[in-house]
Amino acid sequence: MAEISPSPVEPSRLRRAFDSDFAYKFRTSPVAVVSATVVLLMVLSAVFAPLIAPYNPFDPGSLNLMNGFSKPMEPNAFTGDTFWLGTDDQGRDVFSTILYGMRISLFVGAAAVLFAMVLGVTLGLIAGYLGGWTETIIMRVADVQLTFPAILVAMLIFGIAKGVTPVEYRDQMAIWVLILAIGLSDWVQFARVVRGATLVEKNKEYVQAARLIGRTKAAIMLRHILPNVLSPVLVIATISLALAIIAEATLSFLGVGAPPTQPSLGTLIRIGQGFLFSGEWWILLFPAVTLLALALSVNLLGDWLRDALNPRLR
Amino acid sequence: MLAFVIRRVLQSLLVLLVVGAVAFSMFRFVGDPIDNMLGQERTQEDIDRLRGQLGLDQPFVVQYVKFLQGAVQGNFGVSYRQGRPVSDILMERAPATLELAAVSGVLAIGIGIALGVFTAIRRDGFAANAIMSLSLIGVSLPTFLIGILLIYLFSVELGWLPSFGRGETVRIGGWTTGFLTESGLKALILPSITLGLYQMTLIMRLVRSEMLEVLRQDYIRFARARGLRERAVNFRHALKNTLVPVITVTGLQLGSIIAFAIITETVFQWPGVGLLFINAIQFVDIPVMAAYLMLISVMFVGINLIVDLLYFAIDPRLRADKTAAH
Numbered sequence: 001m002a003e004i005s006p007s008p009v010e011p012s013r014l015r016r017a018f019d020s021d022f023a024y025k026f027r028t029s030p031v032a033v034v035s036a037t038v039v040l041l042m043v044l045s046a047v048f049a050p051l052i053a054p055y056n057p058f059d060p061g062s063l064n065l066m067n068g069f070s071k072p073m074e075p076n077a078f079t080g081d082t083f084w085l086g087t088d089d090q091g092r093d094v095f096s097t098i099l100y101g102m103r104i105s106l107f108v109g110a111a112a113v114l115f116a117m118v119l120g121v122t123l124g125l126i127a128g129y130l131g132g133w134t135e136t137i138i139m140r141v142a143d144v145q146l147t148f149p150a151i152l153v154a155m156l157i158f159g160i161a162k163g164v165t166p167v168e169y170r171d172q173m174a175i176w177v178l179i180l181a182i183g184l185s186d187w188v189q190f191a192r193v194v195r196g197a198t199l200v201e202k203n204k205e206y207v208q209a210a211r212l213i214g215r216t217k218a219a220i221m222l223r224h225i226l227p228n229v230l231s232p233v234l235v236i237a238t239i240s241l242a243l244a245i246i247a248e249a250t251l252s253f254l255g256v257g258a259p260p261t262q263p264s265l266g267t268l269i270r271i272g273q274g275f276l277f278s279g280e281w282w283i284l285l286f287p288a289v290t291l292l293a294l295a296l297s298v299n300l301l302g303d304w305l306r307d308a309l310n311p312r313l314r
Numbered sequence: 001m002l003a004f005v006i007r008r009v010l011q012s013l014l015v016l017l018v019v020g021a022v023a024f025s026m027f028r029f030v031g032d033p034i035d036n037m038l039g040q041e042r043t044q045e046d047i048d049r050l051r052g053q054l055g056l057d058q059p060f061v062v063q064y065v066k067f068l069q070g071a072v073q074g075n076f077g078v079s080y081r082q083g084r085p086v087s088d089i090l091m092e093r094a095p096a097t098l099e100l101a102a103v104s105g106v107l108a109i110g111i112g113i114a115l116g117v118f119t120a121i122r123r124d125g126f127a128a129n130a131i132m133s134l135s136l137i138g139v140s141l142p143t144f145l146i147g148i149l150l151i152y153l154f155s156v157e158l159g160w161l162p163s164f165g166r167g168e169t170v171r172i173g174g175w176t177t178g179f180l181t182e183s184g185l186k187a188l189i190l191p192s193i194t195l196g197l198y199q200m201t202l203i204m205r206l207v208r209s210e211m212l213e214v215l216r217q218d219y220i221r222f223a224r225a226r227g228l229r230e231r232a233v234n235f236r237h238a239l240k241n242t243l244v245p246v247i248t249v250t251g252l253q254l255g256s257i258i259a260f261a262i263i264t265e266t267v268f269q270w271p272g273v274g275l276l277f278i279n280a281i282q283f284v285d286i287p288v289m290a291a292y293l294m295l296i297s298v299m300f301v302g303i304n305l306i307v308d309l310l311y312f313a314i315d316p317r318l319r320a321d322k323t324a325a326h
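Chains A and B, in that order, give the protein sequences. Taking the working numbering, I'd label the letters of the first sequence as residues 1 to 314. Taking the working numbering, I'd label the letters of the second sequence as residues 1 to 326.
Some hints could be false.
[Stated by the list, open to error] Partial pick of chain B residues on the chain A-facing surface, computed with a CB cut under 8 Å:
#  : residue
1  : Val15
2  : Ile131
3  : Leu134
4  : Ser140
5  : Thr266
6  : Gln269
7  : Val284
8  : Ile286
9  : Leu293
10 : Met299
11 : Phe300
12 : Val301
In short, the hints are calculated from the structure, not lab data. Yeah, the Cβ is synthetic: ideal placement off N, Cα and C, and Gly gets one too.
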């Protein structure tokens, strides 16, 4: 990605990175620049949420029930406090809950994709390089899993994992279970692409040379083949991130994801939906818009990355 | 041909056996059925007796075969939460989901194909471009937000349509239908749009791109040259030849409609199988989860199989190289 520039100690390399095709394509695409800026801003505000947020919505001591249902930008009728985006029924500042919710959403999304990526790339490499029955088993499992929609698989894994966890830890473990569920529902993409690329790479001369000088199978896979199959992986990872964020929001919205004690954007939307009929639209609207902006910009960025890195992928 | 069919059927059966093993493992390893069925005050004899009764002292494989026998006969045990046989609960809930899915499917296919043809014929028209841009939003909006948006617009602001439930239903035998009452039909509108919208945009975009491809072909030019009417060219010659990929995708999407009904049913509190499944996950009601898993996988595997065979039957070119189909 363009944000990761080489170390500034070597100006020539920085210069070269800036002048590269990739950087040029990035600079000249308004969609890419805008969506990258939005994503970057959101990631930063999520990371620094405790510093930016005017209130800590999870500190019961700072909450005042009298502040409940304050409208956006209007002073509260009882306390006179003003909140940018209003407050919910318990007097929590909506802006602050969104910042903290984005934190959970982004963390779960990124961790799930990372997990799926490591698992998928590993299995794809093994399947592609070793072949034989290992490949058959891995790719058959992938085929079967691909028959079902990812969200359904994630729900089932969540349900089973929840059943295995002891009751008293369920809320604490929910975030990790969520990461596991979304990650396991998403590895197939990575495995299929990496296996395909590995099948092409493993017959090239540099692999034969490495085999000839006696490098182990693990070393060949990790040090020689892996670096050469990574660029499609990066593209899939970005698109998966958008899907994972939406999957997390959907699960949390359905009540089988992040618990109310650690609300993600999906949980906030679920809470907000309850106030739709009584006219408190802001509790629902702002988290929903945030989720949309986040998912849409990650998606656009992924699309752009796909076109820039590898036009052959679809 | 026959070998292909047999292989596909065998593969499907294998998939079902694997899913059955997963469902069975859920019973066996997630929570202890003995714990669930016996109270706090129990003796070792009680436990052993129940274990013998349930067949839990037998080898894993024997238990698995017994589970499969039960599953084939529709017997999935008793719901931990409601204390009634799972099959009864499923039968009660199935009509709601099936009616919703059927209406969404018809909407998605009908409107999707119509809009796809329209946008392909009037490629550069204003309306066609507007529809295409709108469809992009339709694809990127999460289903549950579409549902909430529709509820806000048509239930809260305009007050035209109900925001939850099925309305009044009529009982015909073991089937409850919402098709026969006004409130039942009204209640169907918003959920079916929510559920069908994604599939509709997908079918529309697919039909459009296939049509554009076909309209460039020589035989279309010849059809025009023969003086056929525009309608005959577009529908009898062009549309017919786009149908192979459309049928494949549509078939696979029908399965997803049932799966995504979970989300729609939760937004609209629609009393169907999906809502049942979500509640089962929340309360870790293993028998219901296992039954739903089996039910949906039979459906998915069945649809996949039918689509594969259909694909094969429709397009004679595929029969030539059957290995490429996989």
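Okay, the hints, checked on the actual structure:
1. Val15: Result: holds, 5 Å to nearest chain A Cβ.
2. Ile131: Result: violated, 20 Å to nearest chain A Cβ.
3. Leu134: violated, 15 Å
4. Ser140: Since chain A brings a Cβ to about 6 Å from Ser140(B), closer than 8 Å, the hint holds.
5. Thr266: holds, 5 Å
6. Gln269: Where the cut-off is 8 Å and the nearest Cβ of chain A is about 11 Å from Gln269(B), the hint is violated.
7. Val284: This interface hint holds because 5 Å falls under the 8 Å limit.
8. Ile286: Result: holds, 6 Å to nearest chain A Cβ.
9. Leu293: Because about 6 Å separates Leu293(B) from the closest Cβ in chain A, which is inside the 8 Å limit, the hint holds.
10. Met299: violated, 10 Å
11. Phe300: holds, 5 Å
12. Val301: With a minimum Cβ separation of about 7 Å from chain A (threshold 8 Å), the hint on Val301(B) holds.
Of the numbered hints listed earlier, those contradicted by the structure are 2, 3, 6 and 10.
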